[in-house]
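Put together the whole structure using the sequences plus the hints.
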Amino acid sequence: MTEKLLEIKDLSVIYKTDEETVYAVNDLNLTLNKGETLGLVGETGAGKTTTALSIMRLLPDRTGRITRGCITLGDLDITRASEADMRLIRGNGISMVFQDPMTSLNPILTVGEQIAEVLQLHRLDMSPEQKEKRVDEILEMVGLPADRKHEYPHQFSGGMKQRVVIAIALACEPQLILADEPTTALDVTIQAQILKLMKELKQRLNTAMLFITHDLGVVAQICDRVAIMYAGEIIEIGTTDNIFEGKKHHPYTVGLFGSIPDMTKATRRLNPIEGLMPDPTAPLGGCKFHPRCPQCMEICKTAKPLNIIDGTHAIGCHLFAGGAGHDARINLESTGGAE
Amino acid sequence: MTEQQRKKTAYKKKSQLMSIWHRFKKNKLALFGLVVFAIMLFIAIFADFIVDYERDAISQHMTKRFMSPSAEHIFGTDGFGRDMFARIIFGARISIFVGVVTIALALAVGAVIGASAGYYGGYIDETLMRIMDVFLAIPQMILAIAIVAALGTGMVNILIALTVAQVPKFARIVRASILTVKTQDFIEAAKACGTSDSRIIARHIIPNAIGPIVVQATLNVATTILVIAALSFVGLGIQPPTPEWGSMMADAKSQMRYHEYLIIIPGLFIAFTVMALNLMGDGLRDALDPRLKN
Amino acid sequence: MSVPLIETKGLKKYFKTPKGDLHAVDDVNLKIEKGKTLGVVGESGCGKSTLGRTILRLVEPTAGEVLYNGKNILDYGKKQMLEVRKDLQIIFQDPYSSLNPRLTVSEIIAEPIKVCRTITDKAALDDKVYELMETVGLAERLVNSYPHELDGGRRQRIGVARALALGPQFIVCDEPVSALDVSIQAQILNLMMDLQDDRGLTYMFITHDLSVVKHISQEIVVMYLGQCVERASSEELFRKPLHPYTQALLDAVPVPNLRHKQQLTGIIKGEITSPINPKPGCRFAARCPKVTASCTKEDIQLREIAGGHYVACALY
Amino acid sequence: MLRYIAKRILMMIPVILGISLIVFSIIELSPGDPVSLMLGDGASAQAVAELREQMGLNDNFFVRYARYIGHAVTGDFGISYRNKVQVVNEIASRFPTTLTLTFWGVAISVLIGIPVGVISAIRQYTFIDAASLFSALILTSMPAFWLGLLLILLFSLKLGLLPATGVATMQHFLMPSVTLAAASMATIIRMTRSTMLEVIRQDYIRTAKAKGASAFRIVYKHALRNALLPVVTVIGLNFGTQLGGAIVIESVFAMPGIGTLMVAAVRTKDTPIVMAAVLFVALLASITNLIVDVLYAYIDPRLKSQFVKK
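Residue numbers (the numbering used here), protein chains in the order written: chain X, 1 to 339; chain R, 1 to 294; chain V, 1 to 316; chain U, 1 to 310.
Just so you know, these hints were derived from the structure itself, not from any lab. Don't be surprised by glycine CBs; every beta carbon is placed ideally from N, CA and C. Be aware that a few hints might be false.
[Claimed, not checked] With a straight-line cut-off of 27 Å between C-alpha atoms, the simulated DSS-like cross-links for lysine-lysine are:
(1) R/K191 with V/K240
(2) V/K71 with R/K191
(3) V/K240 with V/K31
(4) V/K290 with X/K196
(5) V/K71 with V/K34
(6) X/K199 with X/K133
(7) V/K19 with U/K158
(8) V/K79 with V/K122
(9) X/K199 with V/K269
(10) U/K7 with V/K16
(11) U/K158 with R/K64
(12) R/K182 with V/K269
[Stated by the list, open to error] Footprint (simulated), chain R over chain V, 3 or more residues, beta carbon under 8 Å:
(13) 53-59
(14) 78-87
(15) 92-99
Structure below.
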């Protein structure tokens, strides 16, 4: 039996500056169940990071704004929570792991201090000795010797820094981790180490994870479900099996897979999607993908496509409108891990 | 004209100077600075057409001493009965001239030193920069005073003193901007097709390094104007009776209790000129800086 | 046997650092046949970029030879070098810093031609620029745009056009697609392969992405801390990797296919160290799961194990 | 750490020698003849020749330079041409005034400049930010001596609150210190603001936010120290400028410091005094820079770990 942890409904986020308004996320719906890993896949500018920052309510102060929708974690409506409540959630209920381990640690504090800080903020009942013990414990959990806690970030390599960032994220055993391209900046052998670590820790602590990446290979390794984002929308979502093995796909998903050279067989030409992402400052009517879509129809230019359910699999595309037969307005939230 | 050329002209090339100007224009403060400085420059250049140097700014009129500002003498007269307005506008000529020429010279010399150090690196860089470090260790004002002590006061000597004191700073700035550009891949791309050193410097390095240097030059004209005034104020700069803002204040210091305007007016002119240059420099930095943002 | 287009013999590049010599490229021997692509893979800091630059003499090597059509270009004087530069070009990783922001698209593409004076007539030069732009798929309306006005994919197309401007024989491609999104990456890869087919170009393709390198190259060199640890045909290397480092590298690549889902078991421990004053012996020894006493005694040479498959490992 | 300090001190020696060589050469260029200055115009040719020989002025440049340095390290900077006293005594008697003035100038500029800069950054685009930027602009644009004169005009001549000249009490130092502080305070405000704004945009600040740290904690624990590191360097470099400024300000407030001594010496061509004063000030500036550098290496763990062996 699965239990809902996080629910995003009709989320829209814009970045507004004096010159322009960027529509970063548009009517996004997503549900994440307890203990599950959901991969959020898309190219640069798809709105993946914006989604994560909205969940943390860490959008840039002056420019970023949630214009519509709500995000609920358990009973708490994050979009309406006070800043004080949010502070209690961050680092405690939800943690975040960032892309670049080189810059995401404070250069003038020891790694021990930086891990201990989360405990100081959220574990008020712990004595200083208990906190110290917990720091040692957590460092060893992420595969670093505890006595290195007195060292500064510059004394660690990239992979080790990312372990420290993960230690910070896990210190309070949160229900949800938002991992924003946590291995993109790392070399492949280090990436494999970190992925393995995250997978093991997640299982051990039964934490849910929203794993943001552009790498379908990484998704195949560690995700239970996958959501594919394009231009601020989720255009396809399903179990990893649905996405990697399923017969029906959104044309963008097809293009995305066609762009990666397949290591398992020899191909001479790749089949990429032609064209570029639409301009995020000028909202596009109909399906966001229609200017690049090889199977574009008249209806695609005007109407927003429906989300067609096929068990655990949903695709936002008119091509499948006649398919499995269902009502017009279908939510993605009920598609979560039904097996 | 071939068909291709016709096509090329159809897609007009946007001048980068124009786009910098467009961004600069948006900054109202910078535009204000530009206008103020333009006015000062205009006054300095055409001072002779506005007032007569000998009669108004130099000759003493003992009957007209300490006249408060009035319609006849809008800024009043000083302790020798000279028209303050005339002295102020000729003072503008000196300050702006010395300021601009000093920086131009310091920039020219500093650019040669900094560019050689930055481009060739290694031993040349090391030697030149250690020498510059020694000069930089002496506070600019002190170095200028020491040179004045050796050469004596007077406009040319002040110019030399201030230039020498500024060279190391520009050598450093030029070197730093060249080093930043030098590491970029497009320099390597140029080398890969056999581009000569001189062409790399002229076409690839200078156009990309010039921005921050121009900004620094503008801001340093401002500080130099302050230094000239200060040197003249303590009596080591431009000597009386030549009208200079700082020495005018030194003259008036003993009478300031009763004739505040003699202190306030020249000070305001310095402050406005310097502020105008500061605003322009900041505006220029903002217009150039945002890495040619999209 | 025909003379390879490019060959290096004992190529070394050491950089002086305050802590000692950094062995960026240490005794690399390789051959690239005309019209083929040699892939160079390795993790950051393995010296693959320096290798590419050393071959082009953008960095002067410490020792060794670089043979182009059988002649050592390191012996060339300035004038001869200028001539040979037309044949040897480079495409960079970073589409931002590799284009001079003060020049327009057409100026960037025309620059190598102007420098080498291969075309002096103004109109003919314009024609050539348009032709190059069309070749790489740049719309002609972009002719007077500045690089910062364009996206990463288009900028990389400019970089390709610039490299093609002098009609080169050989191009070093230094991670040309790593900074790009997958769909754009695929567009550029297709373009490069088409160009190779049309013009018989020879590539040295430097990358850290194993799936890309397999896709594009016929032969692959695996580098670790400045040394070449394995060299084989692309197919052979992926089918039968011999060096433990190559094996680890292949195991670590996440494959976007559930049937090949790795169990994340064959992961090697530890991290790449710095190649400053390396100790004798195999540089991978510290991380190697199959390390033996003989690994750290003396340097291990690259040896041919099977036809065209070379490996530097004490196990074979 | 000690090794680092020792190394830095050793590195200072060539710089100081360089400074002295520059200053010595500059002074050598001066056209005036010290002997005729000392003996007056009516001296006989023989007396002049004897004194020249006695002072060693006939030796070549390097011999004289070496002799000067040789004497200088023993504390002998020669005798003032004008009032025939030991230069070193003259400098020593004037030095405390200049040092006190500079100290207060630096203290005021740092104590006001840094907090204002920080507040300005964390309240970017508010009225406070605009006001502090505007004041900084005004302060950098005003000649310091003019500000001094205006203060005298207001507080001494009009209101009669503070003494206009002299150094007798702390009150005497108030206006000069504020005047001296003004310009560098403006520099510190702008610098602190911009580094603070830069630091706030760093990834590790986002990490801190994601931990649930409060805005206040983020500023004082994560942003401030990182932002202040470059500011510390600027304060050190500014010290030299402050010393230069002190010279002018001493003139405004008629304070018997190195500055007024130097100005008078230049006017009367009292070369030994000018040389010694310039050397002294440059030395002081170099020592301050050294202290700041060492301090910096101590605060910044990235530098510290290079020198401290565990």
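Structure-based check of all given hints:
{"no.": "1", "hint": "R/K191 with V/K240", "verdict": "40 Å, violated"}
{"no.": "2", "hint": "V/K71 with R/K191", "verdict": "21 Å, holds"}
{"no.": "3", "hint": "V/K240 with V/K31", "verdict": "21 Å, holds"}
{"no.": "4", "hint": "V/K290 with X/K196", "verdict": "21 Å, holds"}
{"no.": "5", "hint": "V/K71 with V/K34", "verdict": "15 Å, holds"}
{"no.": "6", "hint": "X/K199 with X/K133", "verdict": "24 Å, holds"}
{"no.": "7", "hint": "V/K19 with U/K158", "verdict": "66 Å, violated"}
{"no.": "8", "hint": "V/K79 with V/K122", "verdict": "25 Å, holds"}
{"no.": "9", "hint": "X/K199 with V/K269", "verdict": "17 Å, holds"}
{"no.": "10", "hint": "U/K7 with V/K16", "verdict": "22 Å, holds"}
{"no.": "11", "hint": "U/K158 with R/K64", "verdict": "26 Å, holds"}
{"no.": "12", "hint": "R/K182 with V/K269", "verdict": "38 Å, violated"}
{"no.": "13", "hint": "53-59", "verdict": "holds (count 3)"}
{"no.": "14", "hint": "78-87", "verdict": "holds (count 4)"}
{"no.": "15", "hint": "92-99", "verdict": "holds (count 6)"}
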